[in-house]
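**Student:** Sequence:
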Amino acid sequence: MADELKNMNKYKSIIKRVGRNHGVEPSIIAGIISRETRAGTGAGLVNGWGDNGNAFGLMQVDKNWHIPRGGWDSEEHLSQATGILVDIIGSVQRKFPSWTKEQQLTGGLAAYNIGLDKVHSYSRVDENTTGGDYSKDVLARAEFYRRNGY
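To convert, take the position in the sequence shown, counting from 1, and add 9; that gives the numbering used here.
FYI, nobody ran anything at the bench for these hints, they're computed from the structure.
Owing to the predicted nature of the structure, the values given are computational and were not obtained by experimental measurement.
Please note that the accuracy of each hint is not assured.
Each computed DSSO-like pair below joins lysine-lysine, with the alpha-carbon atoms no more than 30 angstroms apart [unchecked claim]:
no. : residue 1 : residue 2
1   : LYS145    : LYS21
2   : LYS72     : LYS104
3   : LYS21     : LYS110
4   : LYS110    : LYS25
5   : LYS72     : LYS110
6   : LYS15     : LYS145
7   : LYS110    : LYS145
8   : LYS21     : LYS72
9   : LYS19     : LYS145
10  : LYS127    : LYS110
11  : LYS25     : LYS104
12  : LYS25     : LYS15
13  : LYS145    : LYS104
14  : LYS145    : LYS127
15  : LYS72     : LYS145
16  : LYS127    : LYS72
17  : LYS145    : LYS25
18  : LYS104    : LYS127
19  : LYS72     : LYS15
20  : LYS72     : LYS19
21  : LYS72     : LYS25
Pair ranges (Cβ atoms, derived) [to be verified]:
no. : residue 1 : residue 2 : range
22  : TYR131    : GLY80     : 33 to 41 angstroms
23  : GLU85     : GLU136    : 27 to 35 angstroms
24  : SER107    : SER22     : 31 to 39 angstroms
25  : ASN16     : ASN63     : 33 to 41 angstroms
26  : VAL55     : LYS21     : 20 to 28 angstroms
27  : ASP126    : LYS19     : 22 to 30 angstroms
Note that CB positions come from ideal geometry on N, CA and C, so glycine has one too.
Could you put together the complete structure from these sequences and hints?
**Tutor:** Written out as structure tokens, the structure reads:
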């Protein structure tokens, strides 16, 4: 992750600004960027497009659900994707009001990856996510970035 951290640091000020503007911890944004694109260095990323041309940018906005905005590594893109995350966390909060804030964040991360309809319970929150570990992996990556100033 040291090489990835070096690349992520190119976006650090943008990530922090977007996080502040949306009320999201910058480390969470960095965790998603890390999981989705390895800070823009991931295999299979072509001109900012991944997932067989279906997802765009550092945070891989799905073109089938959203119209991607901005350049693939721009503040506009990060703001759009973080707004999508905030919206989906809000949807998880409404769907699962008895979950703790931490559980709702975890559910929101899973839903960011697979959609709200595929999140059924906290105990199996990642069962339908990419690799079966999306939210837990993003949170682990976020902890790494938190320790590194995000």
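**Student:** Hint by hint, work out which the structure violates, then give me just those numbers in ascending order.
**Tutor:** The structure breaks hints 25 and 27; every other hint is satisfied.
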